[in-house]
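Undergrad: The lines below spell out each chain.
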Amino acid sequence: MQVFKAFIISARKFFPVNLMYFVIFCVIAFAASSSSTDSEQSSFRTVSLEIGFMDQDGTSASRALCDYLKTLHTLTPLAYDEEALLDGLFYRTIDYILILPDGFEARLLSGTDENLYETVQIPGVYSSAFIDEQIDSFLKAAKLCLAGGLSPKDAFSRTSSALAESANQVQIMEFDDDSQTDSAMTAIFYFYQFLAYVIISIILTGLTPILSIFQEENLAKRTSCSSMSLFQRNLQLAFGSIFYCLAAWLLFIITSGIFYGEAIFSEKGLLCIVNSFLLLPLGVSISLIIACFAPSGNIITMINNIVTLGMSFLCGIFIPQQMLGESVLAFSKYLPLYWYVKNNDLISGFGSEPFTWPAYWKHLGILMFYGIAIFTVALVVSKYKSSRKRA
Amino acid sequence: MSKPVIQIENLVKRYKDFIALDHFNMEINEGEIFGLLGPNGSGKTTTINCLLSLLSFDKGTIQVFGQTIRPDSYDLKRQIGIVMQNVAVFDTLTVYENVDYFCGLYVKDKKTRRNYVEEAISFVELEQFQKFYPKKLSGGLLRRLNIACGIAHKPKLIILDEPTVAVDPQSRNKILEGIIDLNKKGATIIYTSHYMEEVEQICTRISIMDDGKNIAVGTSDELKQMIKKSEKIKIEIPVLSEEDLKNLRLLPHVLHADYQNCQLNIQCSGGRHNLVRILEYLQTRSLSFDRVYSELPTLNDVFLEMTGKELRDNA
Amino acid sequence: MFIHEFKYELIRVLRQKDELFWVLLFPIILGTMFYVAFGNLNNATENFHTIPAAVCVEAAAKDKSFEAVLDILSDETDTPLLELTYTDWDDAVELLKENSVRGIFKIGESVTLHCVSNENANAVTLALEQSILETILQEYLTYADLITEIAQTSPDKLPEAISKMESSVSYKKELSLTPGNMDSIIQYYFNLIAMACLFTSFAGAYIAMHHQANLSPLGARKCISPNSKFCSVAAQLLSCLLTQFVCVAVTILYLYFVLKIDFGTSFPMILFTSFIGCILGVSFGFFIGSIGRISETAKNGIMISASLLCCFLSGLMLGNMRMIIESFCPLINDLNPAVLISDSFLTLNIYGVTERYGANLFALLLFSAIFTVFGCLMIRRKTYASL
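Chains as they are written, first to last, in my numbering: chain A, 7 to 397; chain B, 2 to 316; chain C, 4 to 390.
Source of the hints: derived by calculation from the structure; they are not laboratory data.
Cβ coordinates follow ideal geometry from the N, Cα and C atoms, glycine included.
Some hints here could point you the wrong way.
As the list claims (entries may be wrong) - Which residues of chain B face chain C? A partial, calculated answer using Cβ under 10 Å:
no. : residue
1   : S54
2   : R71
3   : Y75
4   : D76
5   : R79
6   : I83
7   : Q86
8   : A89
9   : V90
10  : D92
11  : L94
12  : G105
13  : L106
14  : Y107
15  : G151
Claimed, not checked - Once the Cα atoms are required to be at most 20 Å apart in a straight line, the calculated DMTMM-like pairs of lysine to aspartate or glutamate come out as:
no. : chain 1 : residue 1 : chain 2 : residue 2
16  : B       : K136      : C       : D21
17  : B       : K235      : B       : D245
18  : A       : K159      : C       : E152
Whole structure, please, built from the sequences with the hints as guidance.
TA: This is the structure in structure tokens:
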């Protein structure tokens, strides 16, 4: 166990740096999971969007329209501050800006159709088209009432009531009680989704420099002169690495336990924990491969970032898998984290598939397979490198 | 009378509890090759770092060319060349570029610099390797490059801190000859090493350091006279009686004598004609003998006697 | 002396081919991955596509007109709003369960819409699609209600009313406040460039560490040369800035010309902004590098952590992170260099050169100046307590 021992001793030297990584990645994981749950908790059946509005007309017509929209969405009156408006739209904190210009009612009554209202919106996206649709249906209904001979005042109130009457026609079908998730669990699922990035990152940034010590030319030569086989050596290194990762992983789980309480140990929580455990062999084997090339510190950093960030984006950690294109997913199927996220989606019900045990085990198996496969590749690479040196 | 190039008085340097230099004194005159000898950790490199104002020190004064040296005494530094213990060259620059880079830190004029660089490279005989990167050089060549980088700007004072560590005998000889050559051209040289033969071979004056103190200074011969034992005599004699051995021990200047495996070992203190006297005795006793060896004391003996024989790398 | 140092620093950096290779390649690869991942993002989430729905007509159905409406909506040649499957109730439920339709229109005595619950935060798209189905039904019911009423109260007005309904004019006028790119995905690329800028800190740290006698033999060698450290540091920083900027510029060229990312502003301005970003990165690294006796590993660790954290908070991983922080602690954004860099790009994109852009650049330069001054103070010529 000499290599293992040397590994642990070297790892101790890196302890302060690794502690720093731990703290930073903790901040990232918890900040990410709480921000994701904040953003889109839509407990309404109909999507409620953020509309910024400016009522420059101030007539009963404009008020009726705004009141109607208020029953469906969140309306925020806006001052005309161009920068704030654009920032809001750009970051999607406002989905739609509605401007009812002066003379809105007059034109509506006179039957002018064009340019009744003004909008600022992001072209070609669902949310704005959706609001367009609702405003148009209000205006159409109002015009219908007016054409039907109602006075303007009656027409607007009749429109509102007709729209209200026909609302809420949706009946919710419940298939499986388990697919319901409360918000505490949602935060935990987001935490685990992000944990994939965080765990792989901390393993790569923390472990690769330690492993590359053992790949340093003179040290590698010296070890290869000893009576220990390359396989033995790599195996011990892998054990050392797993020990390191286990410690990091446990710390994250314990921290999340403190943060989220006992919900983390509910059945679904445990499923997530098992799922995240399989990240460890994966991280270790990736780290071993990178260390095989024993690059300098800065290069390790860049390769690490390419691997972690790239894989996280493509596999749906930062952006939900459902939002990635078909062609992207077809490609990310060949990346291990894809299966991790898929499993997390399965447990949480975020994805489209309902939870089944065979699917869960299948995804775990694939994740495990990737860990072993990459580890084998790492062994082959290290063997190849050492034999090439001899040649 | 040549003037002192370096004067160190009462230098004290502490690393927390450890005293690296303990009221250390040293004076080096112009034109000398001054050897600084001492076991590992005795304070040689610390002395040099203080001298170069890299290290702060707790007490004492250091004067170089009659002036106190400070981190920004650029005029003084311009006259000093340093070859450090650790090879300090850029891996990404070729041999020529490395020498040019370091020479360029001292010499601004491009033409002069080119001449200097070429001279330095031919001085360490690296002409064939000008385009090589340091990683491709063998240990000896690398050391020679390190030296070229230190001396290219023709300094008046050259400090060589163990320049021959891990160098093969051929390269080492070349380096030593070069140092003597530099000295002849007018440079004062400080040379640290723990290879006795080297120091004995080239240095005009030697200081032996131990535990941060200067325990002896002098020429090689002066140092040798400071120790008790001088001559070691070995004689191969097939048969020697106990009584003869006793008589031999009674001869003047004989410090110690023993007889083992048909070999007589005698250590003498100073005095002349020791060997003759012993051989005369053996002849009067009609004892036949084969080979006779007589060894004069080396600096090694001086060093070991003065610093003690136990291993010293615990500092 | 300045030129001498500048020249050799340039040679040194250019010779470190493997390092240079990765500095160049790293943002390019990530940029390409972003491009791949985001390529379809808008298609999948926000842009129109046809919504699948099931229709289940029961025997008791009286109302044929809703079917007619649905047929019209599913029969547009271009991109129909609906894709309908006529089937019986049980099959429809099965389809809904496996999520191959978003809702079931059940046409019986009245018309009802059946959907699954969409209470998961992730199911925004699903919820939107359900909402659209609901709106269709609601509109139908509203008009049916109103027309029936008009038919009863004033039948003479009926033809006019129906003609109103059939007219399909658009009532709205879309305003655009900016010629820039409103696609929020662009900010991921902005953050990527910010990250590339922050990563130049490694090069800056190298310079600091090679000017200190207690950090490297070369540093010691340099300390005893008869030159002002300031001159040598300045020359090397400048040279380093130049090479790092070229690397970042290549990345931007790649994004701009190969991936055809629309930065929404003129190319030279993007380059100029990233140059300021590089100044910040290099000086930050220089500052970290000159901090006393921390090991090189620890310094690299600090730079990695700081860069990643700044980029995370600025939205590299989650796009809305920055706005969340803006809402509860804007000070963090004002101090976060990654935000300052990416916000400069954003400002250029949406508003052009404005006061806010100037303020960002000023803050960046101010930070750079502070880092450089403190760095210089720490490595200025001095004797060391130990080496």
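Undergrad: Indicate, hint by hint, whether the structure satisfies it.
TA: Outcome of the hint check:
no.: 1; hint: S54; verdict: holds (5 Å)
no.: 2; hint: R71; verdict: holds (8 Å)
no.: 3; hint: Y75; verdict: holds (4 Å)
no.: 4; hint: D76; verdict: holds (7 Å)
no.: 5; hint: R79; verdict: holds (4 Å)
no.: 6; hint: I83; verdict: holds (6 Å)
no.: 7; hint: Q86; verdict: holds (8 Å)
no.: 8; hint: A89; verdict: holds (4 Å)
no.: 9; hint: V90; verdict: holds (8 Å)
no.: 10; hint: D92; verdict: holds (9 Å)
no.: 11; hint: L94; verdict: holds (6 Å)
no.: 12; hint: G105; verdict: holds (4 Å)
no.: 13; hint: L106; verdict: holds (4 Å)
no.: 14; hint: Y107; verdict: holds (6 Å)
no.: 15; hint: G151; verdict: holds (9 Å)
no.: 16; hint: B:K136 - C:D21; verdict: holds (16 Å)
no.: 17; hint: B:K235 - B:D245; verdict: holds (15 Å)
no.: 18; hint: A:K159 - C:E152; verdict: holds (17 Å)
Hint compliance for this structure: every hint is met.
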